Amino acid sequence: MRTYLTRRVLQMIPLFIGVALVTFLILSLVGDPFAQMLVNPRIRPADVARLKHQWGFDLPIYLRFFKWFWSMLTGNWGLSIFAGGRPVIELVSHAIGWTLKFSIGAFILGFVVAIPIGIYSALRQYTIFDYIFTGFSFFGMSMPTFWFGFILLMIFGLRLHWLPIGGVMTPGMESAPFFLRLLDQAKYFILPVVVLSFFGMGSWMRYTRSSMLEVVHQDYLRTARAKGLPERTVIVKHALRNALIPIITLLGLALPGLISGAMITETVFAIPGMGRLTLNAMMNNDFPLAMACLLILSYLLIIGNLVADLLYAVVDPRIRYS
Amino acid sequence: MAEELIYKNEVSTRVEGYWYLVGKHLKKHKLAIFSIVLLSVIILLCVVGPYFTRYTMNEMGNATTDVLQVPSLKHLFGTDELGRDVFTRVLLGGRISLLVGFSSVFSALLVGIIVGAYAGYYGGILDTVLMRFTDIMFSIPVLPLLVVLSSVIPGAGVWKIVLIIALFGWMTDARIIRGMFLSLRESEYSEAAKAIGASNTRIIWRHLLPNALAPIIVSATLGVGGNIIYEAALSYLGFGVMPPTPSWGNILQNAQYAMAIAPWLVWTPGLAILITVIAFNFLGDGLRDAMDPRLYR
Amino acid sequence: MEKNEILVDVKDLKTYFFTDDGVVEAVDGVSFTIKRGEVLGLVGESGCGKSVASLSIMRLIDKPGKIVGGEVIFKGEDLLKKTEEEIRKIRGSEIAMIFQEPMTSLNPVFTIGNQIIEAILLHQDLSEEEAKKRTIELLNLVGIPEPERRFNQYPHELSGGMRQRAMIAMAISCNPDLLISDEATTALDVTIQAQILELMKDLQKKIGMAVLFITHDLALVAEMANNIAVTYTGKIVEYSDARSVFKNPKHPYTYGLLRSVPSLLFEETKVELPAIEGMVPSPYHMPQGCHFSPRCPFATDICRREMPEIEELLAGHYVRCFHPVKVSKEAI
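Chains as they are written, first to last, in the working numbering: chain B, 1 to 322; chain Y, 1 to 297; chain X, 1 to 332.
By construction, these hints were calculated from the structure, which means they are not laboratory data. Just so you know, these numbers come straight off a predicted model, no measurement behind them. Incorrect hints may appear among the rest.
Stated by the list, open to error - BS3-like cross-link-like pairs, simulated, lysine-lysine; straight-line CA separation at most 27 Å:
no., chain 1, residue 1, chain 2, residue 2
1, B, K237, X, K89
2, Y, K28, X, K63
3, X, K132, B, K237
4, Y, K27, X, K63
5, B, K237, X, K63
6, Y, K30, X, K63
7, B, K237, X, K82
As the list claims (entries may be wrong) - Listed next, the stretches of chain B that the computed footprint assigns to chain Y, with coverage defined by at least 3 CB atoms under 8 Å from CB atoms of chain Y:
no., region
8, 12-18
9, 143-156
10, 264-275
11, 279-286
12, 299-306
Just so you know, even glycine gets a beta-carbon here, dropped at the ideal spot from N, CA and C.
In isolation and in its complexed conformation, chain B is listed as follows (with noise of 0.2 Å):
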């Protein structure tokens, strides 16, 4: 397990190297973020020329990354362009916390949900149980999430007037104490978990239905019931065990499709979250903020697979003995 483990880290240090590079490639086709920088009233050029040469922008292409790289992993992460100066890190650190409170609360929804109706759906395979669920699945998947929160938004938002049209914070709560703070701002989140979630659980409970599917029909479980052993015991300690190893891959998986439906969620219901940072930022050429956007989306990323991988040797003993 030692070796497994130590395997993965070590490989994800290319990814991390590789992924900042092609990120920094990109965004160098952008053209000059310094001369954008020097345009705006609020950035003193003293602070634009300081961070031009900890970026290594006065330095030849080739050594600019290793430079700009070594400053972004030490935290200096420049100064935002449209966001009037102020330090990227400062903007980064404040809507990360909503993108991660958020999507975990989106993750924990469809998993909560999607996994117990995928295994019954497998198990009474066939019957209207099934067939609904199979139906509601595809929905999930084929609903563009924008528009769901649309729907959602002008049902319980504009007809309904149960729930917040977006935002995460009715004014004047943040003095409020903290239970009462706790439950506003469960109503604002609501909606975005709910269609965050949305997709996840079609695809999940598809993907877990199947895999239980699979299992279902292996000798093994011929044997267990040959020992003699209840249904119960059969389904649930040697099925179900069984299923979880690729359901846990799955949910390794799912982690882009979260962060890319963060972006859009939080634009829909306006949260100030990462995603809408990364808009923002490209909308406005913010280089600078954009480049750290993307670069912590992208390492979320690449460590949620890591513990998803780790998960999947806990589970799995033919990958950690072998």
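Chain B is fixed; fit chains Y and X onto it per the hints.
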């Protein structure tokens, strides 16, 4: 002792080809057939329909009377904030969205197959490089990447969007193909072909590829649906197809502001996307079942 | 209970599969008996229903299959009439089964030890410690070296032969009265096959359990079986003690099978190996009359029209044929 035996059992002497069997299995899948019909109707409507409506894409009616009209016989889907007929725009938008969907999948597939086949077959450095590269690209979340590419690459045409989506998409296909080729390479088909002296190229294209086709076809069908959603998302965010050219995504972009008073602006393009993508998903799923290799052992 | 008591008495067992493409009569009126400590070889080509018959005894038949008739009298009681609860108590403890593919028949995510202990704890009143001890004894008994180490290993860490030994250990863990071996050696190399067979013979004598040995390989049954039942398309076509079947096969199918086995002692090496012509008919297109008639060199009109009943041709030797072979064969 061993007299001539009269073999009375019924034996089917007809050699059933692979595609024939696939077709047969597919027909059993009612939903898939329904999807094919549905999609044909949609495509027909979008391609031919606009020629039959009374309006053009940009025709703005009278600023006071025609703006934001509720759907009626005059305007099947109502009008938008500029007085344009939504039905026509949705049909035209369909043209664009479908075009983007199909062509991005097609180009991604073309590149993906070539790269994947050679990487899978030859292995070695080519393979390692390819795999590292796809690993890296997979580590960057899709939509942010698309958004970035869109703003970084100059130009504003529909084809730019096709290019971007294909750029991201070929890697998934390459991976699948490479995987298949890796296993096929060790199979008996390959050995047999080599034994009769076939060149490597010939082996790849004529022998191995047809066997790898099934997952490609499934992936492509599902991919069209997926790419339509990506295009819509991009356009909605403002990084896709630019107005005034309509696409299902950018119609929704404007719809957000008029949501409260003109819900049909939200429903119509959205439903169009939903129905089309569901149809592609059903079809892809049906194809996957019909081409399940376990049925052809 | 005395030695010669009948342990299992299968009477006219019928198990049909109700599929979309039609009804498959996988087991169509099969009867045989096994006495305590006896070995019955159930022989036949793939798809002739022998596995289905054994699964029927254990009541492990699932949709679309269904046991539609007959009786399975085990220790005086009909298993087909028992409740699910009662059957579960019998499975694994009084009747045990081992399967063909040890790799897929063992759960890959649990250790060997874990899986064997599970069987023991389920049927016997032992503590975990005691169960573990017993498991290690069993692993030893089946010839697995370093049993303490193997106890904690996963199936994929063992070789094919060892996995099958582990399966056997699991099966005999509760001292069953009957062991059903469903092509247990088919997937193994020839040398390993021989070892496993030796092991089974050994255990059978030591524990005194009866064995229902299912295989398509005649050579294997010759070694082990007291009696042999030859099946074809869901029916038994010949049934007698092993010696009689080999020296004096009466059914043309059995005769054909025996003739087609290459013998290293065969003097006439220039003679072509006679094979039975044709193929086993598809279960959806069974021929009329005797199912073997299309391939039978002795078939006449009556064979193609009617299905023969099984009859006791000689003492203790049953055949289902209108024209049993009259020649006696010096075999093996």
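We went through each hint and held it up to the structure:
no. : hint            : in the structure
1   : K237/B x K89/X  : holds, 19 Å
2   : K28/Y x K63/X   : holds, 21 Å
3   : K132/X x K237/B : holds, 20 Å
4   : K27/Y x K63/X   : holds, 25 Å
5   : K237/B x K63/X  : holds, 22 Å
6   : K30/Y x K63/X   : holds, 24 Å
7   : K237/B x K82/X  : holds, 26 Å
8   : 12-18           : holds (count 3)
9   : 143-156         : holds (count 9)
10  : 264-275         : holds (count 4)
11  : 279-286         : holds (count 4)
12  : 299-306         : holds (count 3)
Every hint, counting from the list given before, is met by this structure.
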